[in-house]
Every structure is written in structure tokens, then in C-alpha cells.
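Join the two chains, each given in its own frame, into one complex according to the hints.
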Amino acid sequence: MELFMQLLVTGVMLGSIFSLVALGWVLIYKCSGVLNLAMGELTMIGGYVCLALYTWFVTLMPPTQAFLIALGCTLVVGLVLGLLTERIFLRKMIGEPILAVIMVTVGLSFFFKGLVFIIWDTDTQVFQPRLFSIEPIVVAGIAVGEVYLWSFVASMILMVIFVSFFKYTRWGLSMQACADDETAALSVGVSAKFVYALAWAIAFMSAGVGGTLLGNINGLNYSVSSLGLLVLPVVVFGGLNSVPGAIVGGITIGILQNLTGGYLDRFFPGGIKEIAPFVFMVVFLLFKPYGLWGWERIERV
Amino acid sequence: MSYLPCGTYFESYGADHQWWRTSFIKGKMVLMLVVMAVFPYLVDPQWLSVAYTVNYYILAALGVQLLIGYCGQITLGHAAFVAVGAYCSAYMMLPQHFPWPQWIVDAGLAYPISMVCAGILAGLWSVLFGLPSARVKGFYLIMTTMAAQWITVPLVITQYVAQIGGRGQAFSLPEGTFRIGPVLIDSDTKIYYLSAILVCLCLLAMGNILRSRLGRAWIAIRDNDIAAETMGVNIVAYKLYAFFVSGFFAGIAGAFYISTLSFISPEHYEWFFSLLWVGIILIGGVGSIQGIVFGSVFVVMVFKLLEMGVMWSSGALMDSYPALGWITTKIIFFKEAAFGLAIIFFLTYEPNGISYRYWQLKNYFNLWPFSYTGK
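In order, the protein sequences belong to chains H and D. Take the first sequence: its letters are residues 1 to 301, numbered as in the numbering used here. Take the second sequence: its letters are residues 302 to 676, numbered as in the numbering used here.
Isolated chain D, as found in the complex (with noise of 0.2 Å):
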């Protein structure tokens, strides 16, 4: 919470703690919203992938934030609930598969319906690797979640539920499948806008989760899960209530990410996602809302800036200096090595985050000119 302009003040909890608690922060809001609406026609269409992959790793890095950031539970796996969401989602999309009832298959609601069994299939897997949270903390649990990644991606994806229907490793969905009601999600556009309303939802509905009896719970075992057990919160069934919201956010996260590529393999679920979105929170601020969406924006363009960088030097040095053609190749590499450095480098220097910053930005401008924190 950050500080509020003077004069400005609340006499009940509720007034505290709801959405919009000054007209200039709801103006913002409806800036932002009205910003996201006419995003595709403000930029190049090229910038509308990088769009919306920045909200599929916001929808994703919620579910991680969530566990790391408010139960404080450490995740390493995440990748494995996404993409038991996103094969979830492709196997009831696919009508030899699945036998849906024609009208539904007409009035478009298919897809949401799989997004939504998705999400709670994901959400019953994470509880299940979520369970050992019972008993271990800490590293004994990053270790039960990476297992999760291990045992559900390499073995049970790859070996079992990919091969279903000889279809080998990686099968393509075909056109038309991606419809929600009347509308057919085919171009770029409409990915974008299908993802920034998921986002928002999503958004949203973890804002008000955080709120309630649960996010408070969430909270009080992340500060201490001991004094929390004291004072009757019962640990072991809020931290199995955080595996499977995560969860259910990590399967939204894989139903939509499908409809952007027209297929399914699995390596797009590989352990690096996994890490991936952990570093995309401790970017953005671990414990933040706004966290996700400062790391997620900041990984992707730094990703995207690196490609187009290397495009331009290759483009512009590839003449007079050919031998430097292996660059391009190695492109993903330098992506990696730079996401190395960027979370180190943020750990040391930057612990709180992105979101941190904003936060102090955020007091100036609310105290100015007589700021009072001394920060």
C-alpha cells in the first residue's frame, strides 16, 4: 500500500482495502484499461506477439507469485501445471478426442469450458505435489516441486499423453478450433485481446482472493507458519488451497498460451520456463501484483531487444565480417546467459524488485512537494 495524498484518509477497513480508493488511482486504471483496448492499433503488428506473451507470462508468473510471494511456498515446477493445462485444454478441443454435444461445439463454448476444466485439472495436479508441503519447508520443498517438473514434463507428457493417437511428440490443432462464442480466434489481434482479458480477470481475481480470509491466511503462514498454526489458521489445508489456485492459474495459463501457436509440444513446458517465471517475480518484486507485470514486460522486451540487437548487428556487420554468421545462430544462448545475469544482478543490487521502485515513485508524486517518509 503506498502512502495516500494528504487530507486523504478512511474511517472503516472496507474503505482501506477497496479497489479504487482515490479518483485519480481509479483514472489511472481507466487509463490503463483504455490503453490496453487500443494497444493493436497504436503499434506495428510485430509488437502485438511481444504482447501477448508478456500476459501469458503474467498469467503463468501469478500462480508463482501466489505460492513464493504471498504463501511462501518455493516453486520450481510450474512449468508441469502448465502444461497439464495446456494439454488438457488441446485434448478436450479436439473433437475425435472428446465428444462434445454438437450445439456446444456450435455456440463456440468449447474452448472456454477446456479453459476452465484446465484450470482445475492443473490445480488438482499441483495439490498433489503440493501435498509433501505438509511435512517439508524450504528446500525439501523446492525439491518435491522440481520433481514435479521432472516426473510430469520428460516423463508422463512426453512419453505418455503426447503419444495418445500415435500423434508422436509435438500435434498441431487445426483451424477453427479456437472459437469463444461467435468469435474465432485467427490473427494476432484477437490472441492479444483474448489474452488481455484473461489477464485482467485473472488479475483481478487474485487482487480480491489476497483480500479475503484466504489471502490473509496465505500471508500469515508466509510471515511465520508457525505463529500462524497458533493463532488457528490450519496451515496444512490453506497451503494445498495455494497449490491449487496457483494451479488453476498456471492451467488458464496454458489453455490460452495453445491458441497462439496451433500446436502443442513439449517443449515449450521445459524446466527453464519453470525458472523462468520465478525469476520474472523476483524482477518485478516478490509479493506484488504489479511485481508480475514490471518482470514480465522486463524479461520479454529485454528478450525481444537482445534478438532485435543481434538481427541489426548481424544484418549491418554480417557483410563486411561473415565470420560472425554463428551469432544469429546462437541467439537463444545470449538470451539466456543475459536472464542469468539480469536475476543475479537484480538479487544483488535490486532485492525488492521493479516494483519497489515504483513504489518509492509512486510516494514522491502522492507527497509531493512535502514528503514526510524521509525515503
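Chain H extracted, bound-state conformation (with noise of 0.2 Å):
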């Protein structure tokens, strides 16, 4: 029962970063409808600028605040990816048939992995000087490391403040019209391509959030972006176009990759837990092909 409670506990706390990747993937789906298979590049290189920024800053401040600035620069950094790759890329497939978005997705994907290890080596590395302590935290029996518990908090941080922009500002408020429908958001003067340019940027930032968070658990190499690539098992699971699904769908795959490493690895050694939600995503879409949240769309001749 014990192992059963820090398994769900650590999943949940896992989960939350995914949820937080899974929220830009989901925000880029609602307002422009490009189904993004890049997130796991874009998670790697938040982590890998947030990394090369925290060993810069790291030798003139203290690593707490090192740490926060570099974390707040690749919020920037994310932010001026995220309006260039819609720019230069995305803009001219408004339209397109699902394959080429799709396609074109991967080729950013392609072409952003081999950037990241062009300028970075694919050895792995980690945040040096340690920011979290090894020793974890018990409460209640329940031992949780100190950077599950930062994660956790971090990525509901960023997940208030991104969800709140999206609900209550004026932006946000477009972006919603746009999702909801683009044409009457374009008749009320919504301009569609800023919303774009919005959802990508906040797509880039929350990844590369992601991206650090996972980077500090097991350190940076590329494992994280099949790590990023999780979003998929979570949006398919919570519905694409659903916010509090991408929320739900997170913790809850973060929770089955967590039971399925603690249970199942005696039975099915290796990479069970790297599958299992690729499997869950399988038998799920059999019987509820539109997530938990998503809308189902009914197709006329």
C-alpha cells in the first residue's frame, strides 16, 4: 500500500508536467488546428536553453537565483521561437490538408532535433550545480523527492496563469473566439494570425518549462523528447480540443506510467513504462475514439 501511495503520489506529480506540455499542444489544436508532433523537440529545447543559461548564470549568482533567471529567459527565448516558427513555418499551411500540417510538424521536429544536437552533444547532462537535494521528502510515510514536489508546483503555477490568460484577458478572450469559431471571430475583427502567433509562442513556453522540469528528474538527453511526445497518449485521452482534459489526461498518464514502472516491470522487463501509455492510447481509442472531453465531430457527404 505504501509503494501503491508514493507511486500514485510521484505520478501525479509527474503528470503535472506533462499536463503542462499537453496545454500548449491542446492550445495550438483549439485555436489553429494544427496537430503538433513536434512537442517533443520543442520540450528538448526549452531544456536545453534553460541548461546552457543556468551554467552561464550559475558562475555569477547563487543557483536558486541563477536557476530562476535562466528559467524566466527561456520563457523568453520560448516566447520569440514560438512567434518565429509560425512565421517562417506554419503560416503558409493555414488550410492544408491534415497530412502536410502534420508532415510539416515533423519535418520542425526533424529539423529542431538535429539543430539541439548540432549545438549540444546528445551525451547526457545535467544541472550542475545540483538545485534539489537528493535526500527526499517524507510526509506521512510517503517519501517524494524534492523535485517532483518544485515540479509539481511549478507547472500549476504556469497552468493558473496560462489558463487564466486563456479565460479572463483580452487575448485569451480572442484566442477562445477564434477556437470556438474562426470565421465569426475574423467578422468581429479577431486578427486569426496573432492568435496563432500567441498559441505557438505559449506552446513553446510551457514545453520548454516542461522541458527544464524533466531535465532537472533524470537529467537532458534525448529521452526527454520521447518524454515530450507523451502529450499524445494525454490529449487523445482527455479529448484534443479540451483544456481540463489535457489537465486530467496528464496526471492520469503520469499516474499509469508511474503504476505500470512500479508493477509491471518484474513482469515485462525494459521499457513497459516508456509503452505503456502508447498501449492504454490504443485500447482507449477503440472504445472512446473522442477522449474523455473532446468534440465529436459528425462528418456529412
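Treat the hints as calculated values from the structure; they're not laboratory data. By construction, the Cβ of each residue, glycine as well, lies at the ideal position given by its N, Cα and C atoms. Wrong hints could be hidden among the right ones.
[Unchecked claim] Capping the alpha-carbon separation at 30 Å, the derived lysine-lysine pairs in DSSO-like fashion look like this:
{"hint": "1", "chain 1": "H", "residue 1": "LYS273", "chain 2": "H", "residue 2": "LYS288"}
{"hint": "2", "chain 1": "H", "residue 1": "LYS92", "chain 2": "D", "residue 2": "LYS438"}
{"hint": "3", "chain 1": "D", "residue 1": "LYS327", "chain 2": "D", "residue 2": "LYS663"}
{"hint": "4", "chain 1": "H", "residue 1": "LYS288", "chain 2": "H", "residue 2": "LYS167"}
{"hint": "5", "chain 1": "D", "residue 1": "LYS605", "chain 2": "D", "residue 2": "LYS663"}
{"hint": "6", "chain 1": "D", "residue 1": "LYS438", "chain 2": "H", "residue 2": "LYS288"}
{"hint": "7", "chain 1": "D", "residue 1": "LYS327", "chain 2": "D", "residue 2": "LYS491"}
{"hint": "8", "chain 1": "H", "residue 1": "LYS193", "chain 2": "D", "residue 2": "LYS438"}
{"hint": "9", "chain 1": "D", "residue 1": "LYS438", "chain 2": "H", "residue 2": "LYS273"}
{"hint": "10", "chain 1": "D", "residue 1": "LYS631", "chain 2": "D", "residue 2": "LYS605"}
{"hint": "11", "chain 1": "D", "residue 1": "LYS491", "chain 2": "D", "residue 2": "LYS605"}
{"hint": "12", "chain 1": "D", "residue 1": "LYS605", "chain 2": "D", "residue 2": "LYS329"}
{"hint": "13", "chain 1": "H", "residue 1": "LYS167", "chain 2": "H", "residue 2": "LYS193"}
{"hint": "14", "chain 1": "H", "residue 1": "LYS193", "chain 2": "H", "residue 2": "LYS92"}
{"hint": "15", "chain 1": "D", "residue 1": "LYS636", "chain 2": "H", "residue 2": "LYS92"}
[Unchecked claim] Computed from the model, here is a short list of chain H residues facing chain D with C-beta under 8 Å:
{"hint": "16", "residue": "LEU99"}
{"hint": "17", "residue": "ALA100"}
{"hint": "18", "residue": "ILE102"}
{"hint": "19", "residue": "MET103"}
{"hint": "20", "residue": "VAL104"}
{"hint": "21", "residue": "GLY107"}
{"hint": "22", "residue": "PHE110"}
{"hint": "23", "residue": "LYS113"}
{"hint": "24", "residue": "LEU115"}
{"hint": "25", "residue": "PHE117"}
{"hint": "26", "residue": "GLU274"}
{"hint": "27", "residue": "VAL279"}
{"hint": "28", "residue": "VAL282"}
{"hint": "29", "residue": "LEU285"}
{"hint": "30", "residue": "LEU286"}
{"hint": "31", "residue": "PRO289"}
[Said to hold, decoys possible] So the derived label-pair ranges between C-beta atoms look like this:
{"hint": "32", "chain 1": "D", "residue 1": "LEU618", "chain 2": "H", "residue 2": "LYS92", "range": "32 to 38 Å"}
{"hint": "33", "chain 1": "D", "residue 1": "TRP348", "chain 2": "H", "residue 2": "ILE94", "range": "40 to 46 Å"}
{"hint": "34", "chain 1": "D", "residue 1": "LYS329", "chain 2": "H", "residue 2": "LYS92", "range": "31 to 37 Å"}
{"hint": "35", "chain 1": "D", "residue 1": "TYR461", "chain 2": "H", "residue 2": "VAL188", "range": "54 to 60 Å"}
In C-alpha cells form, the structure reads like this:
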């Protein structure tokens, strides 16, 4: 039971990072209809940028401060990269068939991956000096790593910021309008281009923070991008265009991953932990293809 | 179908859809076969490996083209089926795993038989992951085919299949395993001829299937599945046929490719390759058999030229700028970035692919000097 609780709590905290990244994915899909397969690489870029900035800043100031400033700079870099990516690559793809748009994001993922490994190496890199102590925090018999706890806090804060931005600000309202009915939004003067750019910028920022947190947990290498790809099971589970679905889905997939890692690994040694979300996704698709809260599209000839 | 020269017309459907509609086309095809046959004697031996890599990509992308270009079922997990074919063929050829009667081994039939079995097994595996296509389509189908990749290669093959006999990750196929009849496949030239024959057979098969009832049903499903269903096409069955046939081609490709490597390892079937083959058909042209060939040639040549360029520049510049040595170690990432940019470029500026340009060129010369198409 103790093991179960421990896996559950860690899973929720890991899942909150997936939720954060999935939130960015869902915003892009809601606003512009782009199914983004480059999310793993966006996560990786954010992680590497933050790492590079951190190793630079840490020579100038104490680690905590350096990390916070590096995280802030990662957000800025994500914003700029998001705007650029949308402008250069995605703007021309508006209204193209689904396969074309998906393959452009696949091309982007190759491009970014190549770029990241040309600039930084493929070896695993860690945040040096360590930010979080290895000693776990024990509450009521459940040991939780400090890094997990802080990741949970950070992603929750960011998620609240993004969701309230989406719900209550003027820009967020124009994004909602665009997601709801693009033609109607255009007719009342919402700039669709601006909304797309905003969605990509938010996706880059959330993925960047997600990558930083994942990098703090396991170190940065190629596996961060496959963790970033886990947004796909997450959004399929929650529904492609549902913000609460992304949050619930992320936490569910995090729990699922940890539980399979804890219980099934001894029966199926090796990668079951990474595969389980995809197996779950296939089975789930057969029964509820539109996810928990996704819109069901009715097709007519 | 391209426009025919002035004065050439057909009176029956059969005549309009035959392989060689005019003697000029026939001549072109024969010329192509001749060029393929004498190719090893024309070029430097290093280009032979490039040529059979092109042929391998054609074989593998054939199934992808069938699914995406002709049946409208987007797949991003084709490397899984190639891997199934490769491993099936490899296991059937190793005598310690598979008890062949001695006369079959002596007659050199083990490899061809294993190739067919690999195709069938990969086809069935592909049908298994095509089953959700009965219910879902579009993005959701992409998800299931991606799941096929993640379940097959990193889990089933790496963790279980590759471990049979305690071999670890990669294992080698001893020399002399690859025999077709009396011919021992042991040199680049012979591998090239094997690949060329397979490509011709598979392209022929694909072209013929597309002219049949099956192919017409697939194209109807691609164009509008609901309309196809109302016209009496059993869409679930025909989608599954499409998955089977494309998996079969993938299996043949996998069974062929092990003969070039003489060993087999899961890292040749990563997700990258699934995306690579989809990229190939996008670059070549979706819904066109020639597109597969053009796309494969383009992608392989880009990779090869990039490699040669880096090798040349490292040779020329390394003496004066030794600090640039890191470039050669990272060539694979330059390749990936270039491939990504190529996909984006083609989708943005040339969405119909190279085969569309070829089609325009053909029409221009067919109708020359009095073009009436306005294109």
C-alpha cells in the first residue's frame, strides 16, 4: 500500500509536467487546428536552452537565483522561437490538408532535433550544481523527491497562469473566439494570425518549462523528447480540444506510467514504462475515440 | 495519366489502362530496364550501395504510398512492419532456429521462402494495427499507427525477439546464408541486382493491383469514404486489405535489407525511418507510383551529397582549421536537419511533389509544339 501511495503521488507530480506540455499542445490545436508532432523537440529545446543559460548564470550568482532567471529567460526564448516558427513555417500551411500540416510539424521536429544536437552534444547533461537535494521529503510515510515536489508546484503555477490568461484576458478571449468559430471571430475583428502566433508562443513556453523540469529529474538527453511525445496519449485521453482534458489526462498518464513502472516492470522487463501510455491509448481509442471531453465531429458527405 | 500525343486515342477502357499505351512509353520502359541492368558497370562501386539503398527505400515506401496515397489511411509506423519482416526472415534463415529440410537449404530456397513468409507475417501484423481504422480515421489513426511503432520496435522486438537465444541486441547472419537458387548473394553487385529485381516485381504488382477492383475501391475510399460506402464498397474489409498489402511490401523490404547488412539490430527500424518514408512520398508526390522512385532518389542523393560535402570540406579545411573537426562527428544531425527542411520546403512550395513536375514535363513534350492544356 505504501508503495502504491508513493507511486501514485510521484505519478501525479510527474503527470503535472505532462499536463503543462499538453496544455500548450491543446491550445495550438484549439486555435489553429494544427496537430503538432514536434512537441517532444520543443520540450527538448526548452530544456537545453535553460541548461545552457543556467550553467552560464551560475558562475555569476547563487544557484537558486540563477535557475529562476534562466527559467525566465527560457520563457522569453520560447516566446521568440514560437513567434518565429509560426511566422516562418506554419503561417503558409493554414487550410492545407491534415497530412501536410502534420508532416510540416514532423519536418520541424527533425530540424529542431538536428539543431539541438549540433549545438549541444548527445551525451546526458545535468544541471550542475544540483538545484534540488537528493534527500526525499517524507510526509506521512510517503517519500517524495524534492525535484518532483517543485516540478509540481512550478507546473501548477504556470498552468494557472496560462488558463487564467486564456479565460480572463482580452488576448485569451480572442483565442477562445478563434477556437470556437474562426469565421465569426474574423468577422468581429479578431486577428487570426495574432492568435496563431500567440498559441505557438504559449506552446513553446510551456514545453520549455516542461523540458527544464524533466531535465532536472533525469538529466537532459534524447529521452526528454520521447517524454515530450507522451503528450499525444495525454491529449487523446483528455480530448484533443479540451483544456481540462489536457490537465486530467496528463496526471492520469503520469500515474499510469508510474504504476506500470512499479508493478509490471518485473513481469515485462525493459521499456514497459515508456510503452504503457501508447498501449493504453490504442485500447482507449477503440472505445472512446474522441477522448473524455473532446468534440465529436459528425461527418456528412 | 498524362496527355497523349495528338492523334493517339483508345476505344476501350482496357486499352486506355494498359501498361504500355504507346510504343514510345514501351521504349522508355525497356530503356530504363537496360539502364538498370548495366548500371553496375557504368559507375564507381561506391554508388552501388547508394543504388540499393534507394531500392530499399522504394520497397519500404511502396506500402506507405499505398496506404497514404491510394487508400487515404495515414500511417506513421511503417518501420515496425519492415522490422517484423526483417526479423521473421532472419529467424527463418538461421538453421539453429528453424529446422529446414536439407534439400531446401541445398536448393537455395530458404531465403526466398522466408521472404514470402516475412511479407505475410508483416502483413498480418499490419492488419492487427489497422483494425482501429474501422472506427477511427485522420489524426486518431495516426496515433494508432504510431503506437504500432512504439509497441513493436522498442518493446516487442528489442526486449523479446532480439533476445532469443541470448544474442543481445544485434546479431549477425553468417556468410553464405543468403542464397537464392544457385546464386550466393555476397557482393554489392549481386545485392543491387536482387534489389532491382524486387523493386521491378513489387512496382509491377502494385501497378496491377491499382488497376483492379481492389485498387479502385481503395481510391474510392481515399477520395470519400462515406460516398464509397454508399456505393457498396465494404470499407472496413478494403481498408484491412490495404493494410495487409502494404505490410506485405514492408515485409519484403525488411527481408531484403538484412541481406545488405548481414546483421540485424532494432536501431535500423526506429521511428525516424517511418517518418522518412512518409517524407519520401511527400517529396516524390502523394498518389503516384513514380513519386516513390523520385522521392527515394531525391532523399538518398541529398544524404549522400551532404555526406560527400562534409567529407570533402573536412578534408580540405581540417588542415587549416582543426577546430572544425566536430562537424564530421555530427553529420547524422546535419542530415536530419536537412531532411526536415526538405519536407517543409516541399510541402510549402511544391505540395504536389516531384512527380507533378515530371507530369508537366511529359505533357509538354507529348503535346509539343501545340500545347492545348494551358499548363
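Hint-by-hint comparison with the structure:
| no. | hint | result |
| --- | --- | --- |
| 1 | H:LYS273 with H:LYS288 | 23 Å, holds |
| 2 | H:LYS92 with D:LYS438 | 25 Å, holds |
| 3 | D:LYS327 with D:LYS663 | 15 Å, holds |
| 4 | H:LYS288 with H:LYS167 | 28 Å, holds |
| 5 | D:LYS605 with D:LYS663 | 28 Å, holds |
| 6 | D:LYS438 with H:LYS288 | 13 Å, holds |
| 7 | D:LYS327 with D:LYS491 | 27 Å, holds |
| 8 | H:LYS193 with D:LYS438 | 28 Å, holds |
| 9 | D:LYS438 with H:LYS273 | 27 Å, holds |
| 10 | D:LYS631 with D:LYS605 | 15 Å, holds |
| 11 | D:LYS491 with D:LYS605 | 21 Å, holds |
| 12 | D:LYS605 with D:LYS329 | 27 Å, holds |
| 13 | H:LYS167 with H:LYS193 | 19 Å, holds |
| 14 | H:LYS193 with H:LYS92 | 11 Å, holds |
| 15 | D:LYS636 with H:LYS92 | 24 Å, holds |
| 16 | LEU99 | 5 Å, holds |
| 17 | ALA100 | 5 Å, holds |
| 18 | ILE102 | 7 Å, holds |
| 19 | MET103 | 6 Å, holds |
| 20 | VAL104 | 5 Å, holds |
| 21 | GLY107 | 4 Å, holds |
| 22 | PHE110 | 3 Å, holds |
| 23 | LYS113 | 6 Å, holds |
| 24 | LEU115 | 6 Å, holds |
| 25 | PHE117 | 4 Å, holds |
| 26 | GLU274 | 7 Å, holds |
| 27 | VAL279 | 6 Å, holds |
| 28 | VAL282 | 5 Å, holds |
| 29 | LEU285 | 6 Å, holds |
| 30 | LEU286 | 6 Å, holds |
| 31 | PRO289 | 5 Å, holds |
| 32 | D:LEU618 with H:LYS92: 32 to 38 Å | 36 Å, holds |
| 33 | D:TRP348 with H:ILE94: 40 to 46 Å | 42 Å, holds |
| 34 | D:LYS329 with H:LYS92: 31 to 37 Å | 36 Å, holds |
| 35 | D:TYR461 with H:VAL188: 54 to 60 Å | 58 Å, holds |
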